[in-house]
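Protein chains: 2
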Amino acid sequence: IEEQQDSRLLSILEDVHYADVAEIANEIEEDQATYLIKLLDSDKTSDVLTELDDDVREAILKNLSSKEIAEELEELDTDDAADIVAELPKEIVQQVISEIEDRDHAEAIVDLLRYEENSAGGLMAKELVKVNENWNVLTCVKEMRTQAENVTRVHSIYVVDDQDILKGRLSLKDLLTTSTTAPIKDVYIPKVDSVNVNEKPEEVARIMSKYDLEAIPVVDEIGRLVGRITIDDIVDVIKEEAEKDYQLAAGISQDVEADDSILDLTRARLPWLFLGLIGGVGAAAIMGGFEEMISKHAILFFFTPLIAAMAGNVGVQSSAIIVQGLANDDLKGSISNRLVKEILLATLNGLVLALVLLFFTWFWKGNFPTALAISISLIAVIVVAGIIGTFTPLFLHKRGIDPAIATGPFITTSNDIFGILIYFWIAKLILGI
Amino acid sequence: IEEQQDSRLLSILEDVHYADVAEIANEIEEDQATYLIKLLDSDKTSDVLTELDDDVREAILKNLSSKEIAEELEELDTDDAADIVAELPKEIVQQVISEIEDRDHAEAIVDLLRYEENSAGGLMAKELVKVNENWNVLTCVKEMRTQAENVTRVHSIYVVDDQDILKGRLSLKDLLTTSTTAPIKDVYIPKVDSVNVNEKPEEVARIMSKYDLEAIPVVDEIGRLVGRITIDDIVDVIKEEAEKDYQLAAGISQDVEADDSILDLTRARLPWLFLGLIGGVGAAAIMGGFEEMISKHAILFFFTPLIAAMAGNVGVQSSAIIVQGLANDDLKGSISNRLVKEILLATLNGLVLALVLLFFTWFWKGNFPTALAISISLIAVIVVAGIIGTFTPLFLHKRGIDPAIATGPFITTSNDIFGILIYFWIAKLILGI
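Line order of the protein sequences matches chains V and X.
Here the first sequence stands for residues 457 to 889, where the numbers follow our numbering.
Here the second sequence stands for residues 457 to 889, where the numbers follow our numbering.
This is chain V alone, in the form it adopts within the complex (with noise of 0.2 Å):
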């Protein structure tokens, strides 16, 4: 169908959602992509553009001329177009902006840049209606309406004073409702919640998603209004999160996907594993070290994965359920109720896991003191591999890192190091050996 047939393309496309097209141009090729964006509207593609993948959008983006990506940006909201031009190559964006025709649109989207990334500056655009405390009813109505053009969709409106600092916001149904004449100043929310520009993406979507709010305005140092952000961007940052959190528990480094290159998914998954390539020679070395013991309780080396094994699944369930604390920020209650509680729960654990082992390994081998020295060594594994879990993530949040790397491998590799030393130190001294 690609070749040449643009008005039957054009037709076919012209309903189809911009978030449909998105993802059939992820899956062709890159000419055949960009040979779509050139023949569809700017209107169209724009939105298109900043659903696509990165690495399709960047191959594109190289196929248009400065004026070309003028037209995409006028047609986004700012935050969107900052966020491509931010991955232009620099000797092109001076161009690009200044072809850039609406030169408040192209004023914003510069401010825009300044802000870090990883901030509520970053997050935010600059479409948003704002009034001043000042007029009235009627004039704010007609001032809205000015304003409204340029925004997609009107989540608050913001009452500012005179030097544009935020005061309040105003209810459509209170300006529906109120005479026209009334004063702003008599009719706004004195109440509203906001953040600051260098606040982090999760801290905005935490305040968002506990106070249920649709958007949220962003105040810089002094209180001045100067973007406002929205639950959908929210939404993304929530999901990448999650993402992050999941791929960190599961020992991948990057932020991949099952479709990128050999290479990159090499990259992500490569380091994690060495690390637990490390732990196991760890184990190794530790387990050449109780070799003499090999003749007389060889019973003992078979039951090292399995020590491993349980320390290091403890230690994932306990470090998960505190990294789930902090990132809800629910965990309350001192460090040392934690302690003894986690320290209650792992023996209780311990122990019903244990009496099961001793049963089994009492009944193949027959041998009774071995037995018990395996299942009581298991029951000091689980109670020590749960401590480890539930401190390093508290820990590492205290000193400020991410505690979501202390899931996944890094917990998993040091509990198998710990717990086959344990493992090996009480059956020794069980076994009197």
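Derived from the structure by calculation, the hints contain no laboratory data.
No false leads were slipped in.
As a list, the in silico DSS-like pairs of lysine-lysine whose alpha-carbon atoms are at most 27 Å apart: (1) V:K494 to X:K647; (2) V:K641 to V:K623; (3) V:K523 to V:K546; (4) V:K695 to X:K700; (5) V:K695 to X:K656; (6) V:K518 to X:K666; (7) V:K666 to X:K518; (8) V:K752 to X:K821; (9) X:K641 to V:K598; (10) X:K752 to V:K884; (11) V:K500 to X:K641; (12) V:K598 to X:K598; (13) X:K695 to V:K695; (14) X:K500 to V:K623; (15) X:K700 to V:K854; (16) V:K752 to X:K884; (17) V:K500 to X:K623.
Please build the complex by placing chain X on the supplied structure of chain V, with the hints as guidance.
Showing chain X alone in chain V's frame:
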């Protein structure tokens, strides 16, 4: 402070956001929380109730009369009210409903109770602004004002025909800018995304976040408008989904939090640990079968934790990427391509790791053939683990089972066993024993 100083308490809490009051109520004693709720206006407490932890809410509701509960429900949107009613003991539901003064509100709540919790119907609220396509703009604005009384936030104005069939939507902007006598028929936008009442919440979340929607209308089987879902409910769905996947990956089977009781936490964690125990016992049994090798090649046994850890890590990595790809619906290409890719990837990772291991083992024990055997087995184990990790979630997904259970202890355990079996087989083959 909690003792009697009502007026002081009231004045303090007056300016506190309901989500913060809920946080306080979650932390204090049950009877104090009940006291607090009774003290405050139902206008505020109703919102507090929706934000409380399940167990705290249950305890508080038990201490309220049917009339008091009905008052709270009247202040809530129908979706939140229905959620609370669904949690009430059956015997008092009827009484509570009959105490609700606003009959339309009561009817809407009862309607919502009919829908399954895990569906679009269970998520939606009845509050929405709808207009008939046969009205003109003036009637429409008048009608909207009355309807808007019951709706906290107006997202979209939905247009229906005489049979209540959803026809399209109306933008506030267009409404403000067209002449008041124009019929709605001529100004509405006939394209509107909607979901069926039986749609799964995850699918609704996918659609809303893909198309950046802030509200989506819900229609029944014949296209009648029955409710709407807003993005704040979807944010909760997305978060819960992410938490569930994360917990499954970490081997925690129920939705628990760090502050739940030890018994709850044990119930959530023990089953997966038990799975790990069985895996460990299986691994021990396999090693027992190779016991005759222990005298000559004890070193083989030292590396079993390493082999098990590698098999587990690789399995979790591959499955996590597939699980995420399935969740985001962005897996492309055929199964056989994916197979080839995973094998290449695993081989590449395996080669690098095996090479490191080879040198380490060689220098440690000075026995090249054994070192080579261990390293070659490692490659084989990594490749098999990668294949199992890739295909288990794909297989589960095809069978309609949540692929997320494939990550975590499940894959770790099976890969431990397979890994150790393959390791000893290949080592035996190479060393010719």
